[in-house]
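Here is what each chain is made of, one letter per residue.
There are 2 protein chains.
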Amino acid sequence: MSELRKDPISGRWMITATRKEVDTPIGLITVRKEERERDCPFCEGRELETPPEAFALRKEGSKPDTPGWAVRVIPSKFGVVGLNEELERKGVGDFFFFDTINGYGVHEIVIESPLHITHISKLTLEQIEKVLRVYQVRLNELKKNSLLKYGLIFRNQGYGEEISMLHVHSQIIALPLIPKSIKEELSSAKNYYEEKERCIFCDIIKQELYSHERIVSAGDKFIVLAPFASRFPFETQIFPRKHECDFTNVPAEDLRELAEKLKSTIMKTVKLLKDPPLNFVLHTAPFMVPEAGFWLTIKQDYHWHIEILPHAMLARGFEWGGDFYINPPSPEAAAKFLRDVEGE
Amino acid sequence: MSELRKDPISGRWMITATRKEVDTPIGLITVRKEERERDCPFCEGRELETPPEAFALRKEGSKPDTPGWAVRVIPSKFGVVGLNEELERKGVGDFFFFDTINGYGVHEIVIESPLHITHISKLTLEQIEKVLRVYQVRLNELKKNSLLKYGLIFRNQGYGEEISMLHVHSQIIALPLIPKSIKEELSSAKNYYEEKERCIFCDIIKQELYSHERIVSAGDKFIVLAPFASRFPFETQIFPRKHECDFTNVPAEDLRELAEKLKSTIMKTVKLLKDPPLNFVLHTAPFMVPEAGFWLTIKQDYHWHIEILPHAMLARGFEWGGDFYINPPSPEAAAKFLRDVEGE
Chain A
0 MSELRKDPIS GRWMITATRK EVDTPIGLIT VRKEERERDC PFCEGRELET
50 PPEAFALRKE GSKPDTPGWA VRVIPSKFGV VGLNEELERK GVGDFFFFDT
100 INGYGVHEIV IESPLHITHI SKLTLEQIEK VLRVYQVRLN ELKKNSLLKY
150 GLIFRNQGYG EEISMLHVHS QIIALPLIPK SIKEELSSAK NYYEEKERCI
200 FCDIIKQELY SHERIVSAGD KFIVLAPFAS RFPFETQIFP RKHECDFTNV
250 PAEDLRELAE KLKSTIMKTV KLLKDPPLNF VLHTAPFMVP EAGFWLTIKQ
300 DYHWHIEILP HAMLARGFEW GGDFYINPPS PEAAAKFLRD VEGE
Chain B
0 MSELRKDPIS GRWMITATRK EVDTPIGLIT VRKEERERDC PFCEGRELET
50 PPEAFALRKE GSKPDTPGWA VRVIPSKFGV VGLNEELERK GVGDFFFFDT
100 INGYGVHEIV IESPLHITHI SKLTLEQIEK VLRVYQVRLN ELKKNSLLKY
150 GLIFRNQGYG EEISMLHVHS QIIALPLIPK SIKEELSSAK NYYEEKERCI
200 FCDIIKQELY SHERIVSAGD KFIVLAPFAS RFPFETQIFP RKHECDFTNV
250 PAEDLRELAE KLKSTIMKTV KLLKDPPLNF VLHTAPFMVP EAGFWLTIKQ
300 DYHWHIEILP HAMLARGFEW GGDFYINPPS PEAAAKFLRD VEGE
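Just so you know, the sequences run in chain order A and B. With numbering that gives the first Met the number 0, letter number 332 in the first sequence gets 331, and the count goes up by one each step, no holes. With numbering that gives the first Met the number 0, letter number 170 in the second sequence gets 169, and the count goes up by one each step, no holes.
If chains are identical, the list can't say which one is meant, so a pair holds when it fits in one copy or spans any two.
Quick list of in silico lysine-lysine cross-link-like pairs, DSBU-like style, CA-CA up to 35 Å:
(1) K89 - K182
(2) K89 - K220
(3) K182 - K205
(4) K179 - K220
(5) K89 - K195
(6) K241 - K89
(7) K220 - K270
Just so you know, the hints here were simulated from the structure itself, not pulled from any lab data.
Using the sequences and the accompanying hints, generate a full structural model.
Here it is in structure tokens:
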């Protein structure tokens, strides 16, 4: 099985395999590209070749694990975590020096289309809207398990043709801990609010709308910007204008504009950088907001958003060494370039 | 010129170019491989084709910028920072919302051999020892500028054949700020010491030597281990057994064993992973240790070390999204594999 481990210095968690022999790296599917093209288990009509679905948006009357769905969620066949053991937090080493948690959690695949589409930019707006709705449904379902603290939703596009399924999909990993970068955001937002009685993200949005230099596009409900201190060239973020800590509270009628912003930003990035590997990651509130204690203020001080990270330039020594990034094209130039890409 | 910018949420700094037109990404040299092979300005005899040297280990009597050197340090021709402007810390935006520093600093290239060697594993132990000595000399020189707070020494091996010089070299970037990951280490080490009156790194070393599971090799003065919560498969760290916060205080007679550990670890990694892209980064104390305040205790609570990061698997969505890493082969397995590689 797998194990969650905490680095005692940085506080960063990682997942490793503790089986004796690691034959296939967990979480990665190593199937030859041609095979996957010929024989894609994510396509409609092949439902029985995947683990049974956890959820699907389906035509009324259609049965689970049969055709008739628009978006389908399945447990990852190569999941890095699972629910088949009891959650166990354990110190290991002398005096329990190192902190671990067994590989408790949920790892799901969101199949974003019944058709064999291999690039997110080929999905219709209607379909992306449905995918966003499914994210909300799954997060709401997963948070019923009070042992899980966070659900991270992300998408890898154009990475590892060798190792990953090509059929459009995103992933959800729900864990009994809050990932470090989210913890940092929560803590930073909390400190800012304590000092100023304002949300730091709302202030950033206001600042960016005022100067407009780094705005890629601004809609009625969502804005897209190139962050002031972007780590990667052409990195962008999508923020709701309205203060809200939790993505699952976004009203259904707003998801269409969000789908539009997501699709157009990705398409502009893809066009400008000639289809680079690209991630997007949803940053939303953790599941568990205890009545008292640290997270009490999260509703007022946190603000959900989406990060879109094209890896035009891969992180190298300086980046890994110092968590310090060199990103030559200024975010202002990046925003301008992106604004100027002809939309489709 | 370039600009240092701080992300208001994470506290992470980055460098960007603020020139109107970014033609060549700063810090990256885009020269065709064949040209660089034919015409390498890092080779002995071509000293006049580089900026004048900042320092060189040379034969007695030989003049600067002429042949006769063993290790040569030059300012980077495409430096991301420089000293040609006054240091200026500036808030930008309404109410100085965003924090910036102009691109003040030093960016140097350490040419590690007069010969056209293109892989660190081809350097002799004697030569690597000299390179380590030069790191100490340069850090001691750079810290005389009291505006600089940190000197980050790192090496990219096997990255970007397209964009980087092939002749063996490492880089030093000295900045008027402490990079985030070093700040985190300092702060974490300080908290641990305050609680326990012990250095957290010394405790890790003791723990690892006791269990031996993650030890790759242990010498009289230095040990090499696979960290308990490694971010990347086959990541390793080299620690001095003796508590010391500052690499420049390592006595000359210890550098030979350090060179041996560095070379053998890199060679084992290269052999095992078939010459992967690889970084190493020196983590040492910051330059500025004010008499009072936060860093007062650094001598007792920090412990310098070297991180060696092969990128057998590149970071993807989950990693960037959460600062949370999936690393299937356990560090215990990695250490065992590395121990078992036949040395040379």
